[in-house]
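K.L.:
Each chain is listed here by its residues.
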Amino acid sequence: MTPQPGLLGPAYALCHREVIRFFRQRSRIIGALGTPLLFWILIGSGLGNSFKDSAQSSMSYLEYFYPGTLVLILLFSAIFATFSIIEDRHAGFLQGVLAAPVPRMSIVLGKILGGATLAFIQAVLFLVFAPTIGISVHPVGWAILLPVLYLIAMSLVAMGFFFAWSLDSTQGYHAIMNMVMIPMWLLSGAFFPQEGAFVWVRWIMAINPLTYGVAAVRHCLYWGEPMPTSLPGLPLSLAGITLFGTILFVLSSWKIRSTTARDLG
Amino acid sequence: MEEESPAVEISEVDHFYGHRQALTQVTFTVREGEIFGLLGPNGGGKTTLFRIVSTLFQPSSGSVRVFGHETRADSDLVRQSMGVVFQSFSLDKLLTVEENLKCQGRLYGLSGSDLQIRIEDRLTKVGLRDRLKDRVGTLSGGMQRRVEIAKGLLHQPRLLLMDEPSTGLDPGARIDLWRYLKKLQQEEGTTIFLTTHLMEEAEKCDRLGILSKGKLSGLGSPRELKSEIGGEVVTLSVKDRESASKKIAETFGAEVNIQNGSLRFEIPHAKDRINDILNLLSEEPESIHIGKATLEDVFIHRTGHRFWEEEDSES
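Residue numbers (my numbering), protein chains in the order written: chain A, 1 to 265; chain B, 1001 to 1315.
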């Protein structure tokens, strides 16, 4: 009889698998990093100076859009990472994991850590563009930014896990991506600030967890600089995104407790 | 006391998918150290039962115990005591053989040099030691199945559970697989519980359970099951099936089934009575075949229909 596996050993194994798989599928790098990069350059340059943020009036749209693009990279990576849950189910890998004496939470955690690590690496690669648009991040900002990016990535993977597990087809996941995840990002302050929006949009933005993610990233990138008052503060932002991630982690762990015929493809 | 509990004890298991009943009151035990085969056509409930024993599903009612531990209450203990080999490959094709096994080992609480030794040892036993660094996707189907088995046995389980282990294997690979399973049983005392729809595979098991339409309709060693059929099996093709069937039933007191346009019945010492049979008929038969009972005959005898018929009607 082998020792009872703990929570972290299996999570590490599953996380490691994610990372290996990623580097053997080149197309995923282009998908998750390339698309947001293209959006950023095209939309950012296209709107150019025609965008005026009331608080940070000197800012070009390329710069305004930058933190949102970072979060978009995290979101896309999280979506790609959780897509594989549907694939794994059809390919049988998941059955093997579910039949192992592993705490169910550990399975979710493995996926979250793996997906978040990959998302984080890609976001960090994108940070090299920060100086090109004149953002120079304070050392304290850096120190907080990196864990914040990882935290947001974990929350987004947890969300992706929850949806991917609930759906049996990649088409269904596409629908969720287009109808839930992308709008979440659009209304997070990544694309336009809260203050100019209609009241109902502002309300949605206020309850959108990703608003707090984008706000946290802005606080870190502009550490020590005055921020618009409409932007949620850093502690609130961190609390918001942590709460969101925790809820989805728990929901996902709860969801995979028992499997049905559908789950095994 | 735990030593005495059977490897698998299935009691009164029912399973429903919505309103469709997939398993009805299935009860049997798998003894420690034996190779037990669950024989039945696809769609007969084998995979459902397999998933229940492997703890992936919970039965709608009834219970399953593995070495005395209930699958529902002690799922982790059950999971630890068995290795599971699925019909669809559970290996990650993008990973190497070694990476797959490492991942598996960690899921079972193994690590470090102990894990490394086990991986090399298992792969040597299935003859794939030199493929350690190859990606699984580059291996043949037979090799993948062997890696799959090495994966299932990595934590040295007392029970190996396999769903249709011969799927996708060519005849040579099937022979190798069985040689390995027998060796595993003899040398390590591992109990093997497998599902199959292949008669020749079922013949190799120590004991069999016949699962048809969700019900257990036979249990015993292949020899026992076949000996239940009291004698030889005669298959007869004639034009006038009705009258021939009636005459045979009257004369030999045998139950005559009409299967695929042929009459089929069992009588003792059929060989010596072939002339009696022929004299009885009012016509020359197209063909007459006398043979020892096969497991397929047992299946027909027990369920009243042909093996493949059920499969066709299910799909």
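Hints should not be assumed to be uniformly reliable.
[What the hints assert, rightly or not] Cut-off 35 Å, straight-line C-alpha distance, at most; resulting in silico cross-link-like pairs (DSBU-like, lysine-lysine):
(1) 1182/B to 1239/B
(2) 1213/B to 1183/B
(3) 255/A to 1093/B
(4) 1215/B to 1204/B
(5) 1226/B to 1292/B
(6) 1292/B to 1182/B
(7) 255/A to 1213/B
(8) 1215/B to 1226/B
(9) 1215/B to 255/A
[Said to hold, decoys possible] Derived Cβ-Cβ restraints for the label pairs, each shown as a range:
(10) 139/A to 1168/B: 55 to 63 Å
(11) 24/A to 1168/B: 44 to 52 Å
(12) 1113/B to 139/A: 35 to 43 Å
(13) 1113/B to 23/A: 21 to 29 Å
(14) 169/A to 1011/B: 54 to 62 Å
[Unchecked claim] If you only want the chain A side, here are some residues facing chain B, beta carbon under 10 Å, derived:
(15) 4
(16) 16
(17) 24
(18) 48
(19) 51
(20) 94
(21) 100
In short, the hints are calculated from the structure, not lab data.
Every residue gets a Cβ at the ideal spot worked out from N, C-alpha and C, and that includes glycine.
K.L.:
Go through the numbered hints given earlier and state which of them the structure violates, listing their numbers in rising order.
P.N.:
1, 11, 14, 18, 19
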